[in-house]
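Quick note, the sequences are listed as chains A and B, same order. Under the numbering used here, read the first sequence as residues 1 to 334, first letter to last. Under the numbering used here, read the second sequence as residues 1 to 82, first letter to last.
Hints may be right or wrong, so weigh each one.
Straight line, CA to CA, 27 Å or less: simulated BS3-like cross-link-like pairs of lysine-lysine [claimed, not checked]:
hint, chain 1, residue 1, chain 2, residue 2
1, B, Lys54, A, Lys271
2, B, Lys54, A, Lys274
3, A, Lys271, B, Lys65
If you're looking for bench data, these hints aren't it; they were derived computationally from the structure.
Each chain is listed here by its residues.
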Amino acid sequence: MTRPTLTQATGPAHTRILGLGAARGELTVTNDELVGPIDSSDEWIRQRTGIVTRRRAGAGTDVLDLAEIAANDAIKNAGLTGADIDAVLLSTVTYFHQTPAGAAIIADRVGATPAAAWDISAACAGYCYGIGQADALVRAGTARNVLVIGAEKMSDFVDPTDRSISFLLGDGAGAVVVGASDTPGIGPTVWGSDGSQAQAIRQTHSWLDVRDGDAGWPTLRQEGPTVFKWAGFQMAPVAQQAMAAAGVEPEQIEAFIPHQANMRIIDQMIKQLKLPESVVVGRDIADTGNTSAASIPLATERLLREGQVDSGALALQIGFGAGLVYAAQVVVLP
Amino acid sequence: MAHSEQEVLAGLAEIVSEETGLPTDSVLPDKSFTDDLDIDSLSMMTIVTLAEEKFSVRIPDDEVKNLATVGDAVSFITSAQA
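Required output: the full structure, derived from the provided sequences and hints.
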């Protein structure tokens, strides 16, 4: 018997971000509202994190609501409809269902059914993980248009008495559609993980502990100085690799959009990267807070909305967080 | 090549000065990083990382909390070179 030769999918040579959408929690939460239980002050939080206020969602808004708003925005801005979307990737650590994936629900809500749909668990690197996957899916011919969403309701994951991370966190969602392009619009993704540092940013305990009555609602903790050292110093070489892989020099980058973890980390990364002063830097953390997987697209949306960068600009983006995991790429802004 | 305690102190003073803006001659062995030099835990990690690079030593994160004074750090770095 002669076995037939399989047909394998092939896709377009290039991809780009076709459209961007954003949603921020409807509430503005000041530092003064959070300092009581952590015996701190507005000045301490500003000095340690650069955060003045953060956006949080109310009780009636869940993480999928935020994701849906951003997703619909992104599809519309891409000039598409839900029917044009072949795959939906939702990056989140605050959708509190083991199964089914939130991505399938979002796919249905935006009219993309029967798009392939799955969630990504890569914390604050999740959006860049999603861009890397979407780029590969389109160029491989596995999907025409991929909806990538980073969405978090981090306020569901906080302990008001925690001094390590809770006061940094905000709620929001950012989404993009990745599709075919005549010219290169997404550079190679440089990514990785280091599970030996899994404790550096962690959930306080597992759902099994909750089931067994040994623990209450799990919340987030971090070893702040350890994370600062890792992110501030070890992520710069990753960002440099992403620029080199894309064939661009630091002086050709127009915007630097890192995960909005902490303004001090952002400043340290800029120092390490020796970026020229002409590079516009995403600093959305000041009044949105750290929104984990949503922070890079939210910071991007702000730079574009405020006219700090133009559509078509080259942006270096890098996500890093719990895992530890990281991912970076150079993209052409939509 | 191993650095003497004096060389480590001088090098560390440069790093602290760069991070904080304090004059190098204020970075003395008996000075507390937090109480005297007003260095917070994030700035401390910057100083530690730059000291690791400068003196080719490894300062584990768990060890940093034991480095209360400039002298503690000088001693640790000097020993770690050996």
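A quick look at each hint next to the structure:
{"no.": "1", "hint": "B:Lys54 <-> A:Lys271", "verdict": "17 Å, holds"}
{"no.": "2", "hint": "B:Lys54 <-> A:Lys274", "verdict": "19 Å, holds"}
{"no.": "3", "hint": "A:Lys271 <-> B:Lys65", "verdict": "25 Å, holds"}
The structure is consistent with each of the numbered hints, conforming to all of them.
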